[in-house]
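A.B. asks: Chains A and B, in that order, give the protein sequences.
Every position in the first sequence, counted from 1, becomes a number in our numbering once 87 is added.
Every position in the second sequence, counted from 1, becomes a number in our numbering once 21 is added.
Hints may contain errors.
Stated by the list, open to error - Below, simulated DSSO-like cross-link-like pairs (lysine-lysine); rule was C-alpha separation at most 27 Å, straight line:
1. A:K131 x B:K107
2. B:K28 x B:K55
3. B:K55 x B:K42
4. B:K101 x B:K72
5. B:K101 x A:K131
6. B:K42 x A:K158
7. A:K157 x B:K72
8. B:K107 x B:K42
9. B:K101 x A:K127
10. A:K127 x B:K107
11. B:K91 x B:K101
12. B:K91 x B:K107
13. B:K72 x B:K42
14. B:K72 x B:K27
15. B:K28 x A:K158
16. A:K131 x B:K27
17. B:K28 x A:K157
18. B:K91 x B:K28
19. A:K158 x B:K55
As the list claims (entries may be wrong) - Beta-carbon label-pair distances, calculated as ranges:
20. A:T132 x B:I57: 41 to 49 Å
21. A:L249 x B:K28: 54 to 62 Å
22. A:V195 x B:S54: 29 to 37 Å
23. A:S101 x B:K101: 50 to 58 Å
24. B:M111 x A:Q138: 29 to 37 Å
25. A:F185 x B:T115: 39 to 47 Å
Think of the hints as simulated: they come from the structure by calculation, not from any bench.
Because the structure is a prediction, the values reported are computed rather than measured.
Heads up, the beta-carbon is just placed ideally off N, CA and C, and yes, glycines get one too.
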Amino acid sequence: MLQNEQEYIRILRSRLEGTMPHEELDDYLSDYREHFRIGKANGKTDGELWQSLGSPDNVAREIRVTHLVKKAEGNRSARNIFHAAFATLGLGLFNLVFVLVPFILLVVMLLMIFIVGVLFAIIGPVAFVFSLLQGGLPAFSSWISPLIGFFFCTGMTTFGLLMVIGDYYLARFFYHVGIQYLKWNISVITGTECSA
Amino acid sequence: MNIQFKKGVLEICVLSVLAHKDCYGYELVNDISKRIDIAEGTIYPLLRRLKDEGFVTTYLQESTEGPPRKYYQLTDSGRKEEHELKDEWMRFTTSVNALLVGKNDAAE
């Protein structure tokens, strides 16, 4: 990546766009442009100025926190304070706890339901074939007729398939809920209004 | 040095430099980073906050080379804030220094 003024300004703009009024953002960007302009007039290179300013990602975070804290002070609604608190806390820890952990739990749960469903669906016919060879379901010994065994196995297969289908709808549901949650999460972190 | 600590100190430094003279951003940043190692980019949001709090105003002034520059100037309340923070800082550092040197019996 080229460390020059244009790139620095571009990164700042992309990180801050939508988090604050346009005039405020333009004000900031013109400050950094002026900094680069005067620095270069004083014989510094783009790279040197970039280094001493610090990474644009960190600077953008600093600007966002400043903006959100001001917003929270000016308008003491709980929402704004939460925005400021979360932004200050930093994205890393927040997302690790509030996004990654529920996500993993959810995926494990859906996966387990799916596996159990598939197992039931497979065990049905296998058990039936087995019972025919043995002359009865092994678990119920030979006094159960093959017909009852057949119904029992069909029931198991159906139950397994229903579980898989139910799992699919459950996954779809959680997908939608998850998207909403992520939108909310992003809006909280970045301070933008949630469009959904 | 601890980043949070530096950030706290930075506000006094900015106000103090501006108490001596009006500065444009680059000049102010340069004066401070000559003495304190800090990510210079973080001074601009600080200046913005000081402006929002009414401690600092800005004006544009023509320069001999290039477009006009944005100058920062202390307001009356900024001057007052600078005095208070400086006093507080002096008292604080005196106490801390005394503790570090181990003269805490002097306070008894």
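A.B. asks: With reference to the structure, classify each hint as holding or not holding.
C.D. replies: These are the hints, each one checked on the structure:
no.	hint	in the structure
1	A:K131 x B:K107	33 Å, violated
2	B:K28 x B:K55	16 Å, holds
3	B:K55 x B:K42	17 Å, holds
4	B:K101 x B:K72	15 Å, holds
5	B:K101 x A:K131	36 Å, violated
6	B:K42 x A:K158	30 Å, violated
7	A:K157 x B:K72	11 Å, holds
8	B:K107 x B:K42	17 Å, holds
9	B:K101 x A:K127	35 Å, violated
10	A:K127 x B:K107	34 Å, violated
11	B:K91 x B:K101	23 Å, holds
12	B:K91 x B:K107	26 Å, holds
13	B:K72 x B:K42	16 Å, holds
14	B:K72 x B:K27	20 Å, holds
15	B:K28 x A:K158	20 Å, holds
16	A:K131 x B:K27	25 Å, holds
17	B:K28 x A:K157	17 Å, holds
18	B:K91 x B:K28	23 Å, holds
19	A:K158 x B:K55	32 Å, violated
20	A:T132 x B:I57: 41 to 49 Å	23 Å, violated
21	A:L249 x B:K28: 54 to 62 Å	59 Å, holds
22	A:V195 x B:S54: 29 to 37 Å	50 Å, violated
23	A:S101 x B:K101: 50 to 58 Å	39 Å, violated
24	B:M111 x A:Q138: 29 to 37 Å	34 Å, holds
25	A:F185 x B:T115: 39 to 47 Å	45 Å, holds
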